[in-house]
Amino acid sequence: GRGEEKTVIRFGHFPNITHAQGVIAHALTRQGKGWFEERLGPNVEIQWFTYNAGPSAMEAIFAGSLDLTYVSQGPARNAHFKSNGEEIHVISGAANAGAALVVKADSPIKAPSDFRGKKIATPQLGNTQDISCRAWLKAQGFNVTQTGGDVIVVPTNNPDQLALFQSGGVNAVWTVEPWVTRLERDAKARVFLEDKDIITTWLVSSAKFLRDHREFAKKIAAANVELTKWIQEHEAEAQKLLIAELKEETRAAFAPNAVAQAWKRIKFTTEVSPNLIAKAVQDGKDAGFYKGSTDTSKLVETP
Amino acid sequence: MFVTRAIRLGSKATSSVSEELRVIAPSKLAIEDVSKSFKTGTGVVQALDRVSLQVGEGEFICLVGASGCGKTTMLNIIAGLEKPDSGTVRADGKPVTGPGRERLVMFQEPALFPWLNVFGNVLFGLKLKPNLSKKNRHDVAKYYLELVGLSRFERANIHELSGGMKQRVSLARALAPNPRVLLMDEPFAALDALTREQLYGDIQKIWKARRKTIVFVTHNVREAACLGDRVLLFSPHPGRIREEFPVELPRPRDINSVDLAAHATQITKALKSLGQAEVTVAR
Amino acid sequence: MFVTRAIRLGSKATSSVSEELRVIAPSKLAIEDVSKSFKTGTGVVQALDRVSLQVGEGEFICLVGASGCGKTTMLNIIAGLEKPDSGTVRADGKPVTGPGRERLVMFQEPALFPWLNVFGNVLFGLKLKPNLSKKNRHDVAKYYLELVGLSRFERANIHELSGGMKQRVSLARALAPNPRVLLMDEPFAALDALTREQLYGDIQKIWKARRKTIVFVTHNVREAACLGDRVLLFSPHPGRIREEFPVELPRPRDINSVDLAAHATQITKALKSLGQAEVTVAR
Amino acid sequence: MKRFLLAAAFFAVLLLLWEAAFRARIWSPVLLPSPWQVASYLKNAAVDGTLAKATVITMRRLLAGYLIGLVVGLPLGLLTARWKLFRDTIGTMALGLQTLPSVCWVPLALLWFGQTEAAMLFVVVMGTLWSVVIATETGVRNVPPIYRRAALTMGSKRLHMWFKVILPAALPFIVSGMKQGWAFAWRSLMAAEIFVTILTGFGLGQLLHYGRELSAMDQVIAIMLVIVVIGLLADKIFFSPIETFLHRRWGTSQA
Amino acid sequence: MKRFLLAAAFFAVLLLLWEAAFRARIWSPVLLPSPWQVASYLKNAAVDGTLAKATVITMRRLLAGYLIGLVVGLPLGLLTARWKLFRDTIGTMALGLQTLPSVCWVPLALLWFGQTEAAMLFVVVMGTLWSVVIATETGVRNVPPIYRRAALTMGSKRLHMWFKVILPAALPFIVSGMKQGWAFAWRSLMAAEIFVTILTGFGLGQLLHYGRELSAMDQVIAIMLVIVVIGLLADKIFFSPIETFLHRRWGTSQA
Ligand SMILES: Nc1ncnc2c1ncn2[C@@H]1O[C@H](COP(=O)(O)OP(=O)(O)OP(=O)(O)O)[C@@H](O)[C@H]1O
Ligand SMILES: Nc1ncnc2c1ncn2[C@@H]1O[C@H](COP(=O)(O)OP(=O)(O)OP(=O)(O)O)[C@@H](O)[C@H]1O
Ligand SMILES: [Mg+2]
Ligand SMILES: [Mg+2]
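Chains as they are written, first to last, in the working numbering: chain B, 213 to 515; chain W, 14 to 296; chain Z, 14 to 296; chain S, 13 to 267; chain Y, 13 to 267.
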């Protein structure tokens, strides 16, 4: 047939180091050697969309204008719950860890108990790091409410954390890469605690795509596994591609050693651990963020 | 018609002919039993109280009366700009339902459009007449601007005109589209005697040549006597037509003629006797 | 003063006394060699050309002239609302640098404030006078509203008034603050004969009792002769004072008196001889 | 009465269309919940007090920010209209700054005020102020000069002139500008509530934002409705009476 | 000339204060870069074409959205001013919807238009339209009735009346509304560029957003400056001449 028989697959990701697979695959597509394209055959075209944040990508999936996307765990899970497990599924893992709690290098905070009466910034109320932070504080025996308690958790947008951290408006920050590295480099922060047992990014697909193009979905999940492996094996090359692509997408320069520094804290993996999902959901429930259904049985659907 | 007293002046012969004509010719405007009141913060103002008036085709009617007695309201109702509370207004036998080109009003304030220059203002009404070429329109506009002595100010903005000049532009704008019925509200109030006198002549010429029907409000009794076939006296609170003076002098009339002065004196006297009661109330 | 011809009327005796007075009393207003031109889209209009004029304390001056000859411009310059291109204006010997309460203008258009009602408008100027209690102010405002026959419309909004009523409110507003110098631009143009006549009397009374200095623009020559100590004739293009007529009739003057009519006829004649040239140019 | 019925019918039809769109399942029910779902969210939120609390908090911020915007903006607008120097400086700044999205002010607000209500107010004020300045300036510059002249010869000067003549004469413009300023204030506040997180209370902006974060469109649409209704109420309670008064005084709006 | 110098001096002082604040190191240089850093970002971005491309893309969207807003909003405003039925329905909707933040329109835009330029335009139009409608309505309702009456008796009707009388008479208001609409359009577009992801082009909104996300304050401030300058240019090129013309015709603004 003619060109119009090409299947267009719309793929999303954020211009962020924790979405390295997406960024790198996008870079390769841009170079004409698309990672997914090569594995899906000649009749497939991939369009890449870069989202500013999870909810935008989820809206796009609901609106039917996006098929697959790399996305942080929180928005994907929320979207899944909200659609009663009917519209969005995780088809593969992408990255774990990468989050940390940092304090000033010269901070008197040495032990968890020193956080009493202090202010900790998290990126956003109810997001992954916010929930982790609250769960951790509770585990340390603190009483934390949404607007106060023994330790005050102040949700603060990532870009604004730096200013507040520097000016002493907050004493500590619980956030995710690349901001952990930024805080270390620009605001003399020291990592107090690294949050390693946490899902950061995964690859989700719309239910419709899974239904209509099961074969493609399968190949994509497999390709993602391969890509992740390739990234693990070619760190330097991957980082170079990442930096170039991020520059292309955000018009901002990334320092290579900053990327390298952040990279170390992220664990690129395609495994999706049910335990981690259950833990995240339970923490969220404990912190009072989930009210409706939290059935995770259909969340992961490996094609 | 609500007339308490009618005084006839001028030669008997002319009088009976025009009397005849008026009976034969159908009324161009027929106002019957029209009342109009306004609600304001302070109370109700009865601007017109059961006013009736017939105006024949080609007649020139002048309305005279105290300030605030309802003359402008009367014109607005004839024009269809305002609805009477009761009574009917007919033009050419058909009830007036709204304003239109057939009955053009020249308002008491100049009401010129500030977004157009002088020429644009005069052209405005002309553009609404079909069957006029662009050149024709421009010629007509220029003609009337010359008539009112403002050719030099064709391109001026409205706010650059003096009070009298604004009124003259307004006059040109009203005359240019050549309406069948013209309702004029003190069109010469802001003009000096000399300009007025020229315009008396011009208006009479235009009126005669085009057989216009004109209802003309003025405070100048002499002016009324000079221009009108009939002069109607309004009295205020409530606004009513109280007297009617046919003026049967030959045309064109000279504002300074002695005959005319006699008429004017008559009318003024009537006006005063009417007004006296008013004044005692007002003060 | 740029005067080509001066005609003296009235009794010699009165004439010389007022002549004397005028020399002794310092000029309240001294306009010297004032010129003013406006640039418009079409070209330059010379509104005033080297006009000079002395107005004594307590004098009543009337300005008469064709439409667009610069009368309003003259008042504006005296008021300090506009700067002359050249020449000087002094009031009480001091150069006029801007407008102020001392020289109140009653504009040609009513210029009432639509955000105030009738009473509020009259009160406006009064509120700017210090040393007046609230009660005093209200009494004064009420007095002047009654003077112009509008007590009933105290609470009315401006847009609810007829043309003449607006002008009367404007008059009340101008009189109420009792300014030393009053510059009036056709204050009676929209009023009927009867109302005018009453106001002629009132204005003269107020003027005399308070020794006001009044510069008064009008198109009505009779009105000028009735009110003015002097009547000045303006001619247009460029605006100049061409003639001056002292009117030395005893006061209070009756607008209908024969003496006054004679003066008016004189002035009209002069106006016409002036205007004739104009007209041929204009048409 | 007929007017009311017609308008009610119009909005009823809109509601029916919405329900029909939902039933037809053209779009994902997550993105387009049914009116009933939205109503039930509203009911629950009303019952548990979330809505009332958020509305009160937001309204407090909104009114404070808006009033500051007016109180600072009106005089600035007057100055700008009056003196060339101000027009060239503040006026120019206003023209440039009014197009800046609210988020631009967030870093500055945090730097200066930290995570406080003041920071939020700052963002709202910056979002409102410039438009009020510009509207006031435009209004003043469109005042027919005759009013000023008349007042001048009656001895009105400086402050009296501004407050008794220029301002009232420019009121129709200024009220129109205030209405737009109100919309600017709302939109800025919504941005501020999202970007400036503070602990003193959850407003409608946060509810809207978290609704979106959680893909809870019923919540998003419910909050949108609340915002719309507040906008209408503000008009009915505040702007409409002023406008009616002005129209009655000026004799306009008989069209 | 003196005017220009004074204004220049004012802005120079602002610049010096900024430099002084930078030198004093009150705030981290990451948060408050020096004017030179911003200038150098601007230079680089200008040289490598980023800036020009982003500006062109943003301006195209802005103009398209703004024009659609005007073209749709003006007639709607006229209808609203003229007929009670429209006032009760569309007018009421406009009052309610104008306060909604742009982000509310994003899901709807995606639903209806997918991830296309049209979706972005939709968000911009929704952010602009209602304010234009309201400004037009206010303008029309404030037209002194005498103009309409005069035109009526000269036979002006319907469309002629609207286009030759009501619209020009309301122009001072409408232009003021258009200026505010322009600001709304900018702010909506900035939001739209962040929230609506499409393939075609990278605008100033994205530059601003990513600059902020990456704490590249030099980029953020540089883009803010570009937005401010574009705002000023738009005024100089488009609004100012119209206003000057109106003032000359109407004889206003001699204050
Ligand atoms: N729109 C209105 N609202 C309220 N009252 C009005 C309105 N128009 C006119 N009036 C009142 O109706 C009466 C008659 O007004 P009208 O304008 O007809 O008088 P007029 O005879 O034209 O007076 P003038 O010679 O002063 O122009 C006045 O008392 C006036 O106050
Ligand atoms: N602001 C202005 N801009 C341009 N030209 C003006 C302005 N004001 C007045 N003029 C011109 O100056 C001349 C004199 O105007 P002015 O208003 O003084 O006349 P006037 O004697 O008061 O006439 P009228 O009796 O008609 O009121 C006119 O030709 C007018 O066009
Ligand atoms: Mg009248
Ligand atoms: Mg004049």
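FYI, nobody ran anything at the bench for these hints, they're computed from the structure.
Check before you lean on any hint, since a few could be wrong.
As the list claims (entries may be wrong) - Straight-line alpha carbon distances no greater than 20 Å define the calculated SDA-like cross-link-like pairs of lysine to any residue that follow:
1. B:K459 x Y:A58
2. B:K497 x S:H259
3. Z:K148 x Z:E173
4. W:K285 x Z:Q211
5. S:K65 x B:F501
6. W:K282 x Z:L207
7. W:K285 x Z:K107
8. Z:K52 x W:E173
9. Z:K107 x Z:L207
10. B:K503 x S:L123
11. B:K503 x B:K331
12. W:K52 x S:K169
13. Y:K169 x W:L145
14. S:K169 x Z:R114
15. S:K96 x Y:T264
16. Y:K169 x W:G111
17. B:K331 x S:L123
Stated by the list, open to error - Listed next, the stretches of chain W that the computed footprint assigns to chain Y, with coverage defined by at least 3 CB atoms under 8 Å from CB atoms of chain Y:
18. 64–70
19. 102–115
Glycine is no exception: its CB is placed at the ideal position from the N, C-alpha and C atoms.
Hints versus structure:
| no. | hint | result |
| --- | --- | --- |
| 1 | B:K459 x Y:A58 | holds (16 Å) |
| 2 | B:K497 x S:H259 | violated (57 Å) |
| 3 | Z:K148 x Z:E173 | violated (27 Å) |
| 4 | W:K285 x Z:Q211 | holds (12 Å) |
| 5 | S:K65 x B:F501 | holds (18 Å) |
| 6 | W:K282 x Z:L207 | holds (10 Å) |
| 7 | W:K285 x Z:K107 | violated (47 Å) |
| 8 | Z:K52 x W:E173 | holds (9 Å) |
| 9 | Z:K107 x Z:L207 | violated (40 Å) |
| 10 | B:K503 x S:L123 | violated (36 Å) |
| 11 | B:K503 x B:K331 | violated (27 Å) |
| 12 | W:K52 x S:K169 | violated (36 Å) |
| 13 | Y:K169 x W:L145 | holds (18 Å) |
| 14 | S:K169 x Z:R114 | holds (10 Å) |
| 15 | S:K96 x Y:T264 | holds (16 Å) |
| 16 | Y:K169 x W:G111 | holds (11 Å) |
| 17 | B:K331 x S:L123 | holds (17 Å) |
| 18 | 64–70 | violated (count 0) |
| 19 | 102–115 | holds (count 4) |
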